[in-house]
Amino acid sequence: MSTISREEVAHLARLARLEVTDDELDAFAGQLDVILESMKALAEVDTDDVQPTSHAVPLVNVFREDLPQPSLSREAALAGGPDTAEDRFRVPRILDEEA
Amino acid sequence: MAQPSRIIDKTAAELAADIREGRLTSVEVTTAFLDRIEAVDATVKAFLHVDREGALAAAREADAAIAADEEASPLAGVPVAVKDVVVTKGLPTTAASKILEGWIPPYDATIVERIKAARMPILGKTNMDEFAMGSSTEYSAYFKTRNPWDTGRIPGGSGGGSAAAVAAKMAPLAIGTDTGGSIRQPGAVTGTFGAKPTYGSNSRYGLIAFSSSLDTPGPVSRNALDAALLHEVISGHDPRDSTSIDAPVPPVAEAARLGASGDLTGVKLGVVKEFAEGAEAAEPGVIAAYEAGVEQLVKLGAEIVEVSCPSFTYALPTYYLIAPSEASSNLARYDGVRYGLRTGDDGKHSLEEVMSLTREAGFGPEVKRRIILGTYALSAGYVDAFYGKAQKVRTLIKRDFEAAFEQVDAIISPTTPFVAFKFGERTGDPYQMYLADLYTIPSNLYGGPGVSVPVGLADGMPVGLQVCGPVMGDDIAYRVAAALESTQDTPLADTAPELEGN
Amino acid sequence: MTKLNSYEQAVADYEPVLGLETHIELDTNTKMFCGCPTAFGAEPNTQVCPVCLALPGALPVANKAAIEATIKIGLALNCRIAEWTRFARKNYFYPDMPKNFQTSQYEEPLCEEGYVDVVVEGETYRVEIERVHLEEDTGKTLHVGGATGRIHGATESLVDYNRAGIPLVEIVTKPVPGTGALAPEVARAYTAELRDIVRSLGVSDVRMEQGSLRCDVNLSLNLPGEAWGTRTETKNVNSLRSVERAVRYEVRRQSALLDAGERIFQETRHFHEATGETSPGRSKEEATDYRYFPEPDLAVMEPSREWVEELRTSLPEPPRKRRERLQEAWSLADKEMQSVVNADAVDLIETTVAAGAAPAAAVKWWLGELSRRANETGDELGALAITPAQVAELQGMVDDGRLNDKLARQVIDGVLAGEGSPAEVAAKRGLEVVSDTGALETAVDEAIAANPAVAEKIRGGTHAAAGVLIGAVMKATKGQADAGTVRKIILDKLS
Ligand SMILES: [Zn+2]
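Chains as they are written, first to last, in our numbering: chain Y, 3 to 101; chain Z, 137 to 638; chain E, 1462 to 1956.
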């Protein structure tokens, strides 16, 4: 039984910005299924009135004072950029060409 | 057999003493390890990047500081290898991913700052499964690292590079990170010592995130005391990590020395009933080596108590909901805009297409698989059923272990169900690979410390024994591990087959 | 061409339901999750660090001042402050958002369940607040290659992350029904009130023109007695006047569609300042799935009741109370005060009075001549190129008899044209009341001689007839005489 379809994997890949190949779609659909089957195990656990745990040691109210720290130099900030122009990070056109 | 007089055979504690007391210089020690890397890393392939010049420069500074009596750090001058998931200023950092190929970080992780402040030269960056996702280092985007015990086998993962580097004596110490077992499982299968500290006791600032609520950096070494010394260098509160615990570091080095005395009288060691049950139980050879170790611990005075953690069976599914969910979000930043790879920017493709092509080209199959799984788990309508549910089950697992630690001082188990497997043996079936972390995952979920100490061999391959402690009880784990080491005439790590050097 | 109904017809047929989402950039010293400074207008990518550039490995730490500011806003909006609250990740890809998720809040906002009362045409409307939460701003994107910086048609874009990570407070109202034809005015009054409240707290400069206060206007229409309609969300509404116009436009547009039997789609629309129209947002946007989950890199927050009460006691006088106090001090009738509020002139008048002008004079200038000027150019009153201090200075010159009203208006021309302070403009333009009584007496004598019949009437006790002579004198002196002085001279001579 397949709980996750090929189309669903394609949708997830789009959400995650992955241009997956057809072969990958098939492979992932099958492999995710195995994992998801095991996830069903959790559904049987009674967790009514159970608080979620986000960290091993519960931490609350971890704040920073509003004091400026040095920023990176602009050179350092831009150094890793695959493409920069006018001291900014250049990206290709954001919108798809209108049909 | 190894020559006892060789620098590379010494423990980190011995090297530190030799340097501090003037019998060796940091430059001599660092050079010895760099030379060893040159000799054997072509075979082992533990390093993604070796920084000979940087390491020697740091060694010279360490020597100068020691000569001027300005340096009190217990590991001053002792070199260390760092897993490539840890950000190092000016040194390439890729998390073994193509998507970060060529990235030179403009900042240091907090633990790297502390290593530098302790005047420990950094030898280089070690190989790993891409973004720490894997248990064999086969998912490195660059190359496979070989197990020094049998170069046809995996060195464990994700921190296979750090473990193999230490096992092959290319570094006396290394840094690893552990999300589900990535320090301990490689330690077990390479016959080295690895410790996952209490979550939050070691800063994550500058650790390339895999799963934020589980990731923990820790030490890799050939024995408990060396690891404890490095643990104390990197540990402690960091205001740059909101999940960092503001409390004193447990006295792990003291505990390791205490354990080395070989007395465990009055120490109660828990054996989790459920670990031994189920279809996925450990290989017979692993069980045999582990049980022999348990006998040794009993001889030292420890009392074995069976404890029950019924929610253990849910640990693996809980982990495989939490970790990919967080990973899918943590890895969203790799989009080819601010750093790293960019693919398909040919003037024809839109930004969304370029991002998708970049991520498709830059991530390997296991990373993509987990991103898809995590995206699914978080997608509309599922977050409560999956991530939310997993966080609640995590609470149950935590309660089980807290209850167990009411009865016992520490919990022992095999570190991993099987010895190092052959390359390719488990890559076809993700679930078979995930089983490698069966015994290590619980401590990531409840957050406490876990160490893996070499306990014996099965079919000539090393087996590890895991000691888990309660949250912030790292010291007891070190003490028990060091006690077990005291029963071995030769440390297991020193019995590795000698590698053919160049 | 979009079909529009007349506004009057639209609100006669349909009942509007409003909703407002407001984003306010806090003016903390540092960003929400890192220590980078937040100064406006810095060189691109000079206020960035590993955290706000989302470099691998960097981690956030929450700014306490931003939490405090948000709680203060919540308290000032009569909200309940959460006892347990946390941040959540809102996952979506966009290049101005370095992590490709926004650290925001989801099911557990810092503040919930408040309200703001606004008065429009003598009627009080209670706008209920659903939530006030804290999140982070995005970077700024320059679009290159298209028409005048627009994203449509651009061939590439350039991103500056200086603004990325600035603390941003989002205030969301519950749907506001029952405003009828006054929906645009209520929307405007709410936004103005919210702005005044936040400004009084000193946690943001709330300048719509700089984007530190941004509005999204939700609007739906329904037939009387029927269920609420589908709403549109209009973004990019960046002045009080635009809030009003955007509501008005959507009422007209939606009613025309409904009349034609068409459906309203739940969609994001953009407001265009120049035309006052709205247009659909990106059509290709996939169904949004933000995959919210609790932010694992940050600790949960449990604002202690002591802390909340401490912040409550630190709150300044609410703008409403302040207005009541000022109304009394200025001796204004309710209706006059309402005009002051509607003209957004409370602060301006208060500052003008503080600079020395009499309240009545300050009100007269701002609601009269200056409002007229603002209307002519379509500017907000506060955006006029004249300061309250300059208005006070101008009034001082009138009080001293150096300017009369007509000259004062010419001085305003000069100040608005950037010619300097009122004194400078008066000097440069030679605008000054003729106070040389010798010259005036000559002019009066000439006027009497030219109008003997009028002079006779005045001598006969008909003082009202003096107006004719005053007019003649003013004409002769080109308006630079003080009418009162002229009148006195005339009456002296003819009694
Ligand atoms: Zn920053």
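Derived from the structure by calculation, the hints contain no laboratory data.
Keep in mind it's a predicted model, so treat the numbers as computed, not measured.
Please note that the accuracy of each hint is not assured.
27 Å max Cα-Cα, derived DSS-like pairs, lysine-lysine [claimed, not checked]:
| # | chain 1 | residue 1 | chain 2 | residue 2 |
| --- | --- | --- | --- | --- |
| 1 | Z | K280 | Z | K234 |
| 2 | E | K1551 | Y | K42 |
| 3 | E | K1889 | E | K1918 |
| 4 | Y | K42 | Z | K534 |
| 5 | Z | K409 | Y | K42 |
| 6 | E | K1696 | E | K1464 |
| 7 | E | K1525 | E | K1551 |
| 8 | Z | K484 | E | K1601 |
| 9 | E | K1825 | E | K1939 |
| 10 | E | K1782 | E | K1696 |
| 11 | E | K1918 | E | K1825 |
| 12 | E | K1918 | E | K1954 |
Here are some, though not all, of the chain Y residues that point toward chain E, as calculated from beta-carbon distances under 10 Å [unchecked claim]:
| # | residue |
| --- | --- |
| 13 | L17 |
| 14 | K42 |
| 15 | Q71 |
| 16 | F91 |
| 17 | V93 |
Each residue gets a CB set at the ideal place from its N, CA and C atoms; glycine is no exception.
Each hint tested on the structure:
Distance check on the hinted pair: Z:K280 and Z:K234 sit about 14 Å apart at the alpha-carbon level, within 27 Å; holds. For the proposed pair E:K1551 and Y:K42, the alpha carbon gap of about 26 Å is at most 27 Å, so the pair holds. For a cut-off of 27 Å, the pair hint linking E:K1889 to E:K1918 is broken: about 41 Å separates their Cα positions. With a C-alpha separation of about 20 Å, the suggested pairing of Y:K42 with Z:K534 holds against the 27 Å cut-off.
This hinted pair checks out: Z:K409 and Y:K42 have alpha carbons roughly 23 Å apart, not beyond 27 Å. Restraint check for E:K1696 and E:K1464: satisfied, since their Cα atoms lie roughly 21 Å apart, inside the 27 Å limit. With a CA separation close to 21 Å, the supplied pair E:K1525 and E:K1551 stays within the 27 Å bound. Distance hint between Z:K484 and E:K1601 is fulfilled; the C-alpha atoms sit about 24 Å from each other, no more than 27 Å.
For the given pair, E:K1825 sits about 24 Å from E:K1939 by alpha-carbon distance, which is consistent with the 27 Å threshold. Pair hint E:K1782 plus E:K1696 does not hold up; C-alpha atoms about 31 Å apart against a cutoff of 27 Å. Using a Cα cut-off of 27 Å, the hinted pair E:K1918 and E:K1825 is violated, with the two alpha carbons roughly 35 Å apart. For the given pair, E:K1918 sits about 13 Å from E:K1954 by alpha-carbon distance, which is consistent with the 27 Å threshold.
A hinted interface residue such as Y:L17 counts as satisfied when its beta carbon comes closer than 10 Å to some beta carbon of chain E; here the least separation is about 6 Å, so the hint holds. At a threshold of 10 Å, the smallest CB-CB gap from Y:K42 to chain E is about 20 Å, leaving the interface hint violated. The beta carbon of Y:Q71 is positioned within 10 Å of a beta carbon in chain E (closest approach about 3 Å), and the interface hint is therefore held. Of the supplied interface hints, the one on Y:F91 holds, with its beta-carbon coming within about 5 Å of a beta-carbon of chain E, less than 10 Å.
Restraint check, Y:V93 versus chain E: the minimum CB separation of about 5 Å is within 10 Å; hint holds.
Taken one by one, the earlier hints fail for this structure at numbers 3, 10, 11 and 14, listed in ascending order.
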